[in-house]
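Here is what each chain is made of, one letter per residue.
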Amino acid sequence: GENVEQHPSTLSVQEGDSAVIKCTYSDSASNYFPWYKQELGKRPQLIIDIRSNVGEKKDQRIAVTLNKTAKHFSLHITETQPEDSAVYFCAATPGGAQKLVFGQGTRLTINP
Amino acid sequence: NAGVMQNPRHLVRRRGQEARLRCSPMKGHSHVYWYRQLPEEGLKFMVYLQKENIIDESGMPKERFSAEFPKEGPSILRIQQVVRGDSAAYFCASSGSEETQYFGPGTRLLVL
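Residue numbers (the numbering used here), protein chains in the order written: chain A, 332 to 443; chain B, -7 to 104.
There may be inaccurate statements among the hints.
As the list claims (entries may be wrong) - Take a look, some chain A residues computed to stay more than 10 angstroms from chain B by CB distance:
no.: 1; residue: E346
no.: 2; residue: D358
no.: 3; residue: K373
no.: 4; residue: Q376
no.: 5; residue: D380
no.: 6; residue: E410
no.: 7; residue: E414
no.: 8; residue: D415
Stated by the list, open to error - Mimicking DSS-like on lysine-lysine, the simulated pairs with C-alpha atoms at most 27 angstroms apart in a straight line are:
no.: 9; chain 1: A; residue 1: K399; chain 2: B; residue 2: K63
no.: 10; chain 1: A; residue 1: K373; chain 2: B; residue 2: K36
no.: 11; chain 1: B; residue 1: K19; chain 2: B; residue 2: K36
no.: 12; chain 1: B; residue 1: K36; chain 2: A; residue 2: K399
no.: 13; chain 1: B; residue 1: K54; chain 2: A; residue 2: K353
no.: 14; chain 1: B; residue 1: K36; chain 2: A; residue 2: K402
Note that these hints are calculated values from the structure, not bench results.
Glycine is no exception: its CB is placed at the ideal position from the N, C-alpha and C atoms.
Let the sequences and hints guide you as you build the complete structure.
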């Protein structure tokens, strides 16, 4: 079945700097890749997603890139702010399935 | 437009009791998914349902766990004879015609 690996597990950056989180997946038929942000004790919130027919997508300070050949996708956050501090999860939908397979999460800390 | 609703938000059970978790999808959504999140871990898929049908239960433990999504009313995740290892946050998500899944606030189950 699908396996999603996420790195790094923790990331600490200075406010205003950029943060990059990377994920790899194993099922070449996976076709949908969302990113979720989860604050402590809260629900996962969708922040951006990308489908396999697109290589890059941007929404203000957040961007996601997808490399289907290498089977990896990345989240980029620019001009980081303290409120970006949270756990971020990548996910993939295996081909032919509706379920999400999640990475292990990255705890992002923005230092003022 | 109310989002995904879950209740109860917190549930305490003693070993051997039953736990019933309820999920009402977003208005207009007919796909419901259940995920489990252990402390400091990622989300693990359990089951995917549409009205009156279980579509994918590949992540459900074979014993003690069951799920339903009746024609009327919320989806129910039922755990019989709970054990301490069942303590976790259980999240429900819903989607419409596209893959995008929106999560509820979760039910935090504590088994004493």
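message = Checking each numbered hint in turn, tell me which of them this model violates, lowest number first.
response = 3, 4, 5, 9 and 13
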